[in-house]
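Student: What follows is the residue order along each chain.
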Amino acid sequence: MNERIYDYWIATLQDGYIGNLIRITQEAGGAKSLYNMSKNHMISELGLSQKLSDHIAENRPGEDHLTVDYERMLGKGISYVNYTDDDFPPKLRNIASPPYGIFVKGSLPDPNATSVAIVGARDCSEYGRLMAEYFGNRLAREGVQVISGMAWGIDGIAQSAALAAGGRSFAVMGCGVDITYPAKNAVLYRRLCSEGNGVISEYAPQTPAIARQFPPRNRIISALSDVLIVVEARAKSGTLITVDMAIDQGRTVMVVPGRLTDNLSVGCLKLLYQGALPAIGIDSVLEQLGLQKCVDISTHKKQRQKKEANVAMPNGSAGLTPDLQTVADILSLEPLSIDDIARRSGLDQSTAMIMLTKLEMTDQAKEIFPGFFVRQYSIT
Amino acid sequence: MYCSVMSGGIRGIDGFSVSVETDVSSGLPGFDIVGFVGSEVKEAKDRVRTALKNTGYMLPVARITINLSPGDIKKTGTGFDLPIALSVLSCMEEIRAEALEDVFVAGELSLSGEVCPTKGILPMIMMAKRCGIRKCIIPAANSAEGAVVEDIRVYPVSSLAQTVDLLSGNCDIKPVKNRLLTHLHTGKQYEHDFVQIRGQETARRGAEIAAAGLHNILVIGPPGAGKTLLAKCIPSILPPLSKEECLEVSAIYSIKGALSSDNPLIVRRPFVAAHSSSTDISLVGGGAVPRPGAVSLAHKGVLFLDEIPEFSRRSLETLRQPLEDGKVCITRNRDICVFPSDFMLIAAANPCPCGHYPDMNKCTCDEKKRARYLSKISGPFLDRMDLCIQANKVTCADLQGSGMPESSEAIRDRVIAAHDIQRRRFKGSGIQFNSQMGNRDIEKYCSLGRQESALMRELAEKQEMSARTYYRMLKVARTISDLAGREHISEEAILEAVRLKSRVLI
Chain B
559 MNERIYDYWI ATLQDGYIGN LIRITQEAGG AKSLYNMSKN HMISELGLSQ KLSDHIAENR
619 PGEDHLTVDY ERMLGKGISY VNYTDDDFPP KLRNIASPPY GIFVKGSLPD PNATSVAIVG
679 ARDCSEYGRL MAEYFGNRLA REGVQVISGM AWGIDGIAQS AALAAGGRSF AVMGCGVDIT
739 YPAKNAVLYR RLCSEGNGVI SEYAPQTPAI ARQFPPRNRI ISALSDVLIV VEARAKSGTL
799 ITVDMAIDQG RTVMVVPGRL TDNLSVGCLK LLYQGALPAI GIDSVLEQLG LQKCVDISTH
859 KKQRQKKEAN VAMPNGSAGL TPDLQTVADI LSLEPLSIDD IARRSGLDQS TAMIMLTKLE
919 MTDQAKEIFP GFFVRQYSIT
Chain R
44 MYCSVMSGGI RGIDGFSVSV ETDVSSGLPG FDIVGFVGSE VKEAKDRVRT ALKNTGYMLP
104 VARITINLSP GDIKKTGTGF DLPIALSVLS CMEEIRAEAL EDVFVAGELS LSGEVCPTKG
164 ILPMIMMAKR CGIRKCIIPA ANSAEGAVVE DIRVYPVSSL AQTVDLLSGN CDIKPVKNRL
224 LTHLHTGKQY EHDFVQIRGQ ETARRGAEIA AAGLHNILVI GPPGAGKTLL AKCIPSILPP
284 LSKEECLEVS AIYSIKGALS SDNPLIVRRP FVAAHSSSTD ISLVGGGAVP RPGAVSLAHK
344 GVLFLDEIPE FSRRSLETLR QPLEDGKVCI TRNRDICVFP SDFMLIAAAN PCPCGHYPDM
404 NKCTCDEKKR ARYLSKISGP FLDRMDLCIQ ANKVTCADLQ GSGMPESSEA IRDRVIAAHD
464 IQRRRFKGSG IQFNSQMGNR DIEKYCSLGR QESALMRELA EKQEMSARTY YRMLKVARTI
524 SDLAGREHIS EEAILEAVRL KSRVLI
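For the protein sequence lines, the chains are B and R, in the order given.
Numbering-wise (our numbering), the first sequence opens with residue 559 and increments by one.
Numbering-wise (our numbering), the second sequence opens with residue 44 and increments by one.
You may find that some hints are simply not true.
Claimed, not checked - In silico lysine-lysine, DSS-like type, Cα no more than 30 angstroms apart, as pairs:
1) R/Lys419 x B/Lys742
2) R/Lys117 x R/Lys88
3) B/Lys924 x R/Lys405
4) B/Lys924 x R/Lys88
5) R/Lys370 x R/Lys405
Stated by the list, open to error - Sample of chain B residues lacking proximity to chain R, with all beta carbon distances greater than 12 angstroms (derived):
6) His623
7) Lys634
8) Ser665
9) Arg680
10) Lys742
11) Arg748
12) Ile799
13) Asp906
14) Gln907
15) Thr915
16) Lys916
17) Pro928
No lab work stands behind these hints: they were computed from the structure.
Heads up, the beta-carbon is just placed ideally off N, CA and C, and yes, glycines get one too.
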C-alpha cells in the first residue's frame, strides 16, 4: 500500500506533455526514490530538463496527502493499475510508449477475448451512424469487445450499439475517468461504468478534458484492440492519428468505404488507397480477427450470391399503400426535405407530410433535422 | 383676463384633452407655463413669444400665466405652441373668446409664426371627436391624418396669422375633405405577394396554416432561402383590416410620427422587422416618455425577428408580455401607459451557424457549434411558437418552373373562411383564434373521436411528447381541420400537425 502511493503519484503527473515516465522512474531507482529526489538531482542524475523537473517537483504533495487522495479515489470506485501489475493489459504494455499506469472505472478488457476499436468522425452522416451501429452491434454479437473513445458521433454510436446488443465495451478517455466527456453521452457513460464494461484513462481522476490530451489517448485505443475500424473521417481528422498509432503498433487497420463525393469519406478513401483493408461487412472483420475464414469475395457470375446489400435493410415495407410505398422508396440515407419528397413523389404537401408521419410511426422514416428525412434501416 | 383653449396630449396610444388656460393680469411682467409640463413644453414660451412678435403682436407688459390642465398628467410634445399662442391672443382680445369655444387646437410654432407638423395628431383628433368637439385646427402638414376621421371638421393651417384670420372669419379655409373611404378602398395591394414565391411548397403550406389560426411560427432555413420574403408575404394572406383596426393601427403610427401625407392611414397589415441588435426599448416600447416599440408598430400585423438565436435572452423575455396579453404596459411613477401589441410573430433561424446543415458536404460547423446555435433560443420563447416550418434552398427548377404560384388572394380567401369558422366557434368565449386557446379551451374545442385519440396517444408515446407539445399539436390540428372546413379534427390533420411541430420546439 505504502509503495503504491508513489506509483499513483507518478501516474498523476501525466498530462500529455511529459516524457517517458517509465524510463525516468527506472533510472531513478523506483517510484519512491524519484519522490524523494531533489530537483537538482533530477537534472544532474537523470538528465531531466528544467521544465520537467519543475513539473515533478511542484506536483509533489505530502505522503499523507497522497494516501488520502488515493483512498478517496478508491472510494469512488476507481482503481489504479500500474504498468508492472499483473492485470495491466498485456497489449498495452507492449507498445512503444505505454502509460505508467491507468485509472479504471468498471473493468478492464478481457485479455483473452478479441477486441476491435471503432473510431470516426464526431460529426457523422446518417451513413456513418448506420455503419457504426452495424459494426458495434455485429461485433458485440460475435463476442468481440468494442473499444472506442466515447466521443460524440461514431465512437459513442458504436459503443452504444455494442452495449445494446449485449456486448462489452470499453472507453478510453482523454480526461479523468470520473468526468463525463462529452456530457451529452452521460447515458452511455453510466452504462460503460457498470461491471463487465469499463472507462479507462491514463490521466488522474478530475483531469479536465484538454485538447492536447486526446492524441496520446488514441494510442491506448489502438493498443487495446486487435483491429481498428475507421468509419467516416474527413481529410484532416483526429481519427487519422489513431490510425498512425495503430500502424506503429502493428494493428490491422480496416476502413469502411464511402463515396468519393462525401467530404466525410475523404480521409477513409485515402487510407484505402494507402492499403488499408476495406471493411465490407462483419465477415471481413471476423476474418482479420482470425475468427472466421473465407469471405466470399468471388465476383464470378455463377458464384455470386443473390443477396445485394448484406449489411442493413430498410425497415419492413410489406403491405404499404401506394402513396406510402412511393414515399418510402424515395427515402434513403441521404437527408431529403419535405419539398424534395413532395416533388419527387408528385404528392401534394399535405399528403406528403401525412405519409411521412405514418412512415415515422412505423419506424420506416426518421426526421434527422426539422423537415429532413432519411429511411430507417435495420441491421441484418 | 382669463381664457381657455382645448388641446390634447398623448398617453400611451390614446389622446387626452388638455385645456390651455391663460391669465393676463397686472403685476411683475413675466411669462410662465405651469401644469406638469415636459421641457419641450416649457420651451414653448420662447417660441410663442417670438412667433407672436413676428406675426405682429406684442405681448402686453403684464404677468402672463399659462396653465395646462389637468395638472397631474405629464404633458410632452410640441403641439401646445399653437393653442398657447391662441389663448394668449384671446386674452389680448385679438380673437373673440366664443370663436375658440369647442375648438380643438394643436400645432408647433416656428419663430416666424409658421405652424409645423406635430406627432400624434390622429389619436388626438379621435379623442376630440369622442369629447364631442366638432372643429379642429391642426398643422397643414398633418392635414392628411386629419382627413381620415369622420364626422369632425378639420381645418389645416400653415401659419399663426392664418389661424387668427380663420377664427375671425376673415379667411375661407375649407375643412379637409374626409378621405377615409378613399384610403380604405385604395392602397390595399401588398408589395409582397405569395405569387412571388416559387417552390417552397412546405413553407407556403405552413404559412397558410399559421395565418389561418394566427399561430406564431419559427422558420428554419439556409441563408437565401427566402425566409424574409416569406414573412413579408404573410400580411397579404391575413384578412384585410377593418375600419376600426385601420384607425387603431394608424394612431400608433401617428404617435411615432410615422404617418406621411401620402400614407396617412395604415390600411395594410403592418410588417415590422426587428434586428437582433435592437434595444429592449425599441422592441417593446418605453422611454422616459413612453413610446410604442416594434411590437406595437406590428399591432394587427406581423412582427418578424430574423436570426432569432442572435437575440439576447433578455430581449426575448421582454416579448413575453406582449405575446401573452396582446399589449404592453409601461409603468412610470405616475402613469401606466398601455400600448396594444396584438401581432403574429414570425421568427427565423438558420439551421446552423454556417447555414448549410444537414448538407454535410457544405456545413462547416462542428456538432458542438451547431447544437449551441439553436439551443441559444430561450425555452420560454419557443413555448410560444406553435409551428416550425422549413424554408428550403430554392432550386433552378423552381425558378424556371412553368405556371404561376398561387397568389395571396386565393390563399387569403381560405384563411378568411377559417377565421370565420373560429369566430363562430369561439363566440362569447373571449378568444378569437385557435392560437389563443388555453388548455381548458383545447379540451373543450378540440375533442377527438375514438380513432383520433388512439392516433394521438400512439404519436405522443412514440415521440415522447410533453403535455405542452401535445396541446400545441392539437391547436394546430384544429386549425388544419378548420382550413379544410371540417367540424371534427381528422386523422389527416393530426398526422400533418406532427410535421409542423418540430423537435426544435420540443
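Student: Work down the list of hints and note, for each, if the structure agrees.
Tutor: Here is what the structure says about each hint:
For the suggested pair R/Lys419 and B/Lys742, the alpha carbons sit about 17 angstroms apart, so the restraint of at most 30 angstroms is met. For the hint linking R/Lys117 to R/Lys88, the alpha-carbon distance of about 17 angstroms falls within 30 angstroms, and the restraint holds. Taking the CA atoms of B/Lys924 and R/Lys405, the gap is near 22 angstroms; set against the 30 angstroms cutoff, the hint holds. Restraint check: the Cα-Cα separation between B/Lys924 and R/Lys88 comes to about 73 angstroms, which exceeds 30 angstroms; the hinted pair is violated.
Restraint check: the Cα-Cα separation between R/Lys370 and R/Lys405 comes to about 43 angstroms, which exceeds 30 angstroms; the hinted pair is violated. With a closest Cβ-Cβ approach of about 36 angstroms to chain R, B/His623 is found to remain outside the 12 angstroms limit, as its non-interface label requires. No beta-carbon of chain R comes within 12 angstroms of the beta-carbon of B/Lys634; the shortest separation is about 28 angstroms. Distance check on B/Ser665: its Cβ is at least 30 angstroms (rounded) from any Cβ of chain R, clearing the 12 angstroms threshold; non-interface status holds.
Listed as outside the interface, B/Arg680 is inconsistent with that label: its C-beta sits roughly 6 angstroms from the nearest C-beta of chain R, within the 12 angstroms cut-off. At roughly 8 angstroms, the least C-beta separation between B/Lys742 and chain R is not larger than 12 angstroms, which violates its mark as non-interface. Look at B/Arg748: its CB is around 19 angstroms from the nearest CB on chain R, clear of 12 angstroms, so calling it non-interface holds up. Taking the minimum C-beta to C-beta distance to chain R, about 17 angstroms, the non-interface status of B/Ile799 holds against the 12 angstroms cut.
Interface exclusion of B/Asp906 from chain R breaks down, the closest Cβ pair being 8 angstroms apart, not more than 12 angstroms. Residue-level check failed: B/Gln907 sits 4 angstroms from the nearest beta carbon of chain R, not beyond 12 angstroms. Listed as a non-interface residue, B/Thr915 fails to keep its Cβ farther than 12 angstroms from every Cβ of chain R; the least gap is roughly 4 angstroms. Non-interface status of B/Lys916 relative to chain R is broken: a Cβ of that chain comes within 12 angstroms, the nearest being about 6 angstroms off.
For B/Pro928, the requirement that its beta carbon stay farther than 12 angstroms from each beta carbon of chain R is not met, with the minimum near 4 angstroms.
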